[in-house]
Amino acid sequence: MQNLASFPNPFNGIIPAEKEEFVNDLTTLNLGPTHPATHGVFQNILQMDGEKIISGVSTIGYIHRAFEKIAEHRPFYQITPLTDRLNYCSSPINNMGWHMTVEKLLGVTVPKRAEYIRVIAMELARIADHLICNSILGVDSGAFTGFLYVFQEREKIYDIYEEICGSRLTTNMGRVGGMERDLSDVAIAKLKKFLKEFPPVYKEFEALFNRNRIFMDRVIDVGVLSKEMAMDYGFTGPNLRAAGIDYDVRVMNPYSSYEDFQFDIPIGENGDTYDRFMVRNEEIWQSLRIIQQALDNLPEGPYHADAPHYYLPEKQDVYTKMEALIYHFKIVMGEIDAPVGEVYHAVEGGNGELGYYLISDGGRAPARLHFRRPCFIFYQAYTEMAKGMLLSDAILVMSSMNVIAGELDA
Amino acid sequence: MPFSNEEVLQFIRENIGGEPVSVSEPHDFLTVELNPDQLLPLVGALKSHPQFQFTFMTDLCGLHIPEQAGKELGVVYMFHSWSSNTKIRLKVFVPVASPLVPSMTAHFNSANWMERETYDFYGIIFDGHPNLKRILNVDDMDYFPMRKEYPLEDQIRNDKVDSMFGR
Chain W
1 MQNLASFPNP FNGIIPAEKE EFVNDLTTLN LGPTHPATHG VFQNILQMDG
51 EKIISGVSTI GYIHRAFEKI AEHRPFYQIT PLTDRLNYCS SPINNMGWHM
101 TVEKLLGVTV PKRAEYIRVI AMELARIADH LICNSILGVD SGAFTGFLYV
151 FQEREKIYDI YEEICGSRLT TNMGRVGGME RDLSDVAIAK LKKFLKEFPP
201 VYKEFEALFN RNRIFMDRVI DVGVLSKEMA MDYGFTGPNL RAAGIDYDVR
251 VMNPYSSYED FQFDIPIGEN GDTYDRFMVR NEEIWQSLRI IQQALDNLPE
301 GPYHADAPHY YLPEKQDVYT KMEALIYHFK IVMGEIDAPV GEVYHAVEGG
351 NGELGYYLIS DGGRAPARLH FRRPCFIFYQ AYTEMAKGML LSDAILVMSS
401 MNVIAGELDA
Chain P
1 MPFSNEEVLQ FIRENIGGEP VSVSEPHDFL TVELNPDQLL PLVGALKSHP
51 QFQFTFMTDL CGLHIPEQAG KELGVVYMFH SWSSNTKIRL KVFVPVASPL
101 VPSMTAHFNS ANWMERETYD FYGIIFDGHP NLKRILNVDD MDYFPMRKEY
151 PLEDQIRNDK VDSMFGR
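Chains as they are written, first to last, in the working numbering: chain W, 1 to 410; chain P, 1 to 167.
If you are wondering where the hints come from, they were derived from the structure by calculation, not from laboratory data.
Positions of the beta carbon are idealized from the N, C-alpha and C atoms, including for glycine.
Hints may be right or wrong, so weigh each one.
[Stated by the list, open to error] Heads up, simulated DSSO-like pairs for lysine-lysine below, C-alpha to C-alpha not over 27 Å straight-line: (1) Lys-104/W / Lys-87/P; (2) Lys-227/W / Lys-148/P; (3) Lys-148/P / Lys-47/P; (4) Lys-47/P / Lys-330/W.
[What the hints assert, rightly or not] Footprint (simulated), chain P over chain W, 3 or more residues, beta carbon under 8 Å: (5) 59-70; (6) 226-238; (7) 352-364.
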């Protein structure tokens, strides 16, 4: 057992000189690891002068699960469930990003219908992700009602996931080469119902918040993030766009037929908490637009690529056809080697550019797989942003950044 | 103003005064391997170049390739030029005996945690990093878990045959 006194003082050298003489008057506050306001397992040790934050240190890694190490020992299709658990508020985006990375490595072309189904799933996931972030921001500023309103709708999104892939939170949706099954009639009916019933509910949510005097006073000019700082700290996604930079992977490097759809990229002006909230609101409307277009123009055709080496055959075929049986066995036992290659593929996740850097040395598992987790990269700016802020404001800023512990720690 | 990978490569050649260690282009992604001492001046020049503007660091991660004697550990950097939507990837390799790489925090603050993560998992020392200590693992861990010699499974287990279930 290590002596507690032998641990280094985390505040060494970070207390400003003019505060040095008051150092004994400052309070050390442990915000986390399990605190209702952090919405995830991570810790901030804050040095407080009354209500004001003087400095802080982030401690992360409480739910580190060594995904990159595990991935080096798993065949490609077994890595999909690992990606579920990165940003668990928008699992389908993570799944699809991983499938597309592998497809890029293998050189598989996915049929249009599968790509459109993927777009529908990804945009639903984006809505679910932003719903959580924005409604929790309301909870943290003292407005519980909106949260309950939209969580009902989030349940309906999860019902649609269930129709598409059979599970709700950690979805394991889709397969390398396409989708595991076609969009069923029930799924389409539920989607249409959602597209009809969700907008009025969300309008009501927006009416509760957007011009609410109390809410606006809490969030406007709080946690301002400048363009320069956002780029320097590697921000991507809604947080970056709220700061006024229109970088969106869906537009800059379109994947999965995003170039077929008409949608706008909302950007903010000041980069404060209110802008981040409003950008996410608008992105929800744009996602609905994309889903509507994808559903209206859903192409006919197969829902997966003809890639027998990687795509599990139909169960009925496995029982009746020799070839299907062989491929089934080889895929399940992980006997199929991937080609040698080096691939980076990025998708626009709920929080920004979610990248997969995959190096294959010709084995059945990756030689190296690195996840570019947007949360991990931009969260390091948090203590910098929180300096000089009131504690209650810092909580709001953390909520509005949408830090997800699973993505933080991988 | 769009530009081609060849133009970037030409600029890199001029900047480092010679041929890089190796150049490849997997999936049109320009990948250049450099010596560690060439890294910081080159990235600074690419960042402030009026046409290229590689002002965003997308990613930084470590590599361990035990077969490359003398160049076992590596660091991969990815930069993105948003003005022209071009990406480049830079790699440096160092021997496992003295894994010393200059810190990218001189140019990008986002490198801070990514380098700490790389140090945490690969034991690569970033020279000039303001606060190089473990980030995701516990502080008193005495090995670098992402190196290939550390197995995934518990060593006590003998019920799994490597030839059947291993990589």
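Hint by hint, here is what the structure shows:
1. Lys-104/W / Lys-87/P: holds (17 Å)
2. Lys-227/W / Lys-148/P: violated (40 Å)
3. Lys-148/P / Lys-47/P: violated (34 Å)
4. Lys-47/P / Lys-330/W: Distance of about 47 Å is beyond 27 Å: violated.
5. 59-70: Three-residue rule met by the segment 59-70 of chain W, so holds; n is 7.
6. 226-238: Holds, because 4 residues of the segment 226-238 of chain W bring their Cβ atoms closer than 8 Å to Cβ atoms of chain P.
7. 352-364: holds (count 6)
Violation of the numbered hints given earlier is confined to hints 2, 3, 4; the remaining hints are satisfied by the structure.
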